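Going down the list, the sequences are from chains A and B.
Numbering of the first sequence is given in UniProt numbering, commencing with residue 1 and proceeding in unit increments.
Numbering of the second sequence is given in UniProt numbering, commencing with residue 1 and proceeding in unit increments.
Calculated directly from the structure, the hints in this document are not laboratory data.
Careful: at least some of the hints might be erroneous.
Stated by the list, open to error - Quick look at which bits of chain B chain A covers, simulated, 3 or more residues with Cβ under 8 angstroms:
1. 90-103
2. 184-198
3. 306-314
What the hints assert, rightly or not - Derived CB-CB ranges, DEER-like:
4. A:ARG98 with B:VAL24: 26 to 32 angstroms
5. B:PRO171 with A:GLN210: 22 to 28 angstroms
6. B:SER146 with A:THR213: 38 to 44 angstroms
7. B:VAL285 with A:LYS332: 56 to 62 angstroms
8. B:VAL148 with A:ALA285: 57 to 63 angstroms
9. B:CYS275 with A:LYS220: 57 to 63 angstroms
As the structure is a prediction and not an experimental result, all values here were calculated from the model.
All C-beta atoms in this analysis are idealised placements derived from N, C-alpha and C, irrespective of residue type, glycine included.
What follows is the residue order along each chain.
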Amino acid sequence: MTFSTHRRKLFSAALAATLSLSLAAPALAKDTVKVGFIGPLSGGVSNMGLGGRNSAALAVALRNQDPNAKYEYELEALDDECKPNVGVQVATKLATNRKVVGAVTHYCSAVAMGTVDIYHKFNLPMIVWAAVLPDITYGNDYTEIHRVNGTMINQNETAADFMTGQGYKTWAIIHDTTDYGKGHNKYFSQFLTEKGGEILGTFGVTSDQQDFTAELTKIKELNPDVVYFGGLTPIAVRIRQQMDKLGIEAQFQGVSGIKSDAYFAGLSGDLAEGTVTFLEGAPAAKLPGGEFFLAEYEKANFGEDYEAYGPFSFAAMSLLLDAIEEVGPDRKAVNAYLADVKEHDSITGPITFDEHGQNTVALITKYVAQDGKWVVWEDSEYADGTRKLTGK
Amino acid sequence: MKDNTTKTGWLGLPPLVVGLGAVVAVVIFGWQFLLAESELEVLGLVALAAVAGWAGGKTGLTGSLNEAMRGHGRTMNGAIMIGLLAVIGLLSEEHFPLLMLTTMLLYLTVGLGLNVQFGLTGMVNFAGAAFFGIGAYTSAVLTTHSAVPPLLILIGGGLMAAAIGFLLIVPVVRTAGHYSAVVTIAFGVLFKTFLEVNDVLGGPQGLMVDSMKLFGWDFNDGPQLFGIEMSFYVNYALLGGGLAVLAFMLTQRLERSWLGLALDSVRLDETASACFGVNVVRAKVLAFTFGNILVGVAGSLYGMMISFIAPNSFTFADSLLMVSIVLLGGLGSLWGTAVAAVIVVLLPEKLQILQEYRFLLFSGLVIVMLLYRPQGLLPRGVRQFFPSWRPQR
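Please model the entire structure based on the sequences and the hints provided.
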């Protein structure tokens, strides 16, 4: 996709604003450099993918506006549908395109696990913008693989710490059987047991299951203080609804995968109320460069929200562009540059990669659903005691 | 997708010349389409193909082509195979177009298998992706945990699909029409769920598949020719092409044989065929197994090429896509299947430029095509009992 040409208009009026940004760039004869983005642009989690795509496009558009930029950047955004085989296909497309210097890729962990080998094979520097499975960076020694967002390890440590701190004693765990869900189950169970919480039962569900009556009936018998769910928004919505139908009076706790506005769209307001969840990083407004990001995103007038991982996508793309500005449009040089990124400024806070390319700055924020919005715990009416979590 | 450059002259030209011209035109078109990047090129080429197809029908080119295929079958088939090799040769350094081309060839093989089941015998198989997945998972397990030569693994993938298909034989043969379709739907869903809860086969996360190796030659190394390193996908494209050609020949022979005649009669009227002594059960078992073997072999090679498989890649939606290849091409029409495989595999990929709107446009195109060509793009002609016989006018 070419953001610097006007053909886009035909297809999406929503992106017209980006267009005006890029047209406003001075018409100097700069070399054009291509960068890639991959995320789920269609299917059940497309809201996340579109938010990430828009944010990456914004980073590119802003850079093109900058008169000091050495190159003119062009973004090629591709759809992986959250399916590994499609992911492999589009990753091959990007990696084998000699004009593409680097890429910001993947929301779905299963897809990222399938594609890392391809990036390695073709030596394409990539930065994960949202997939949280630890193995993506820690499961290999590829120098091409980096990640700006934290992993589920940090997230679940904070979650276990916080929830036991609230005085909850017993948990029932539901997780989807993807590695995403299983990983959450593993790390949360581990940290929770360390902090003295008790797990009454663990239930694996498939990622497209519709009916949870069997699991929830069992959970009702167990009568836990908290129902923990490790998985993505669509199932979280169904589970929360069916919990209500079966009259389960427990606190509902999610993971980063449900922190999206779609959670509220799927539930009537008072069902969502009081759900807690955790996310790497901080809300856009609280990030070091958050106000800038919000203002620019607002100005660009995208049709979709930037969602939970938009700022990370923006930060990853900006880092990639910084690398290209610094060492030129060469894959090997960019890899070498990314190998020792330390305290690199970004809107999500300083980025430091460890030897596996993982960002080590683990900032985790706690959220609670309040009046149809995700509110940072510390700012919520729950923290100051006006409202109370279930069972407190 | 037919030659329209010689619009004025082809009526006077002998059919063979027209036929060979059309092959050359399709080769050039395919080469350019696989390379096309920008929206303008892609949409332009799609429009060109639509116009050429329409004009070809209007001006009698299609008839002329049919004549060439009938009268000079061997020469034409040879030319088409050389054309396929030419496309692979022209793209030998382009990884991605070759990956798409190979995927297309494998889907063609799948389409041919389903065509024998659906188009000839009238058994709709909505578990195509499941049998495809069985092949791919067979490769995954055998390449990583055994020393079986990969070429045998391909056959193993087909046999495995056939063997698991046998489990379905009883319910599928006992039920008819919509009911047997429902059996296959249930199997497709069952297959995916089974993989998701089965940690031995990688669970929802999937499995790595090792590459294809032939006599010590690793397919994941790019072949060197005259000092130029070609894409390693050339290997897969050649093997996939060979597989598709073999599948095409087998299916065509089957269709033309008395076996194919029996399958046809079972589709048209089971009771009547049984009255005339056609063994309906045997015909159905034959068609179901033959189709599954082709689908399984294609899946097996697909797994090796993609090198990573997960249950998500073999969903019910993928099965529907496979059935749509058969429907779009025209029931029982082998060349139609080939054209439809190109459309179903390549078009969504080429429409990536439309981002989130691509499936909207793709579905729209398919609906429009079926509105104007309800029999499929290249409907199957009436069976010819004497291959060189031509209706006298």
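Discussion item. Run through the hints listed earlier and report the numbers of any the structure violates, in increasing order.
Written reply: none
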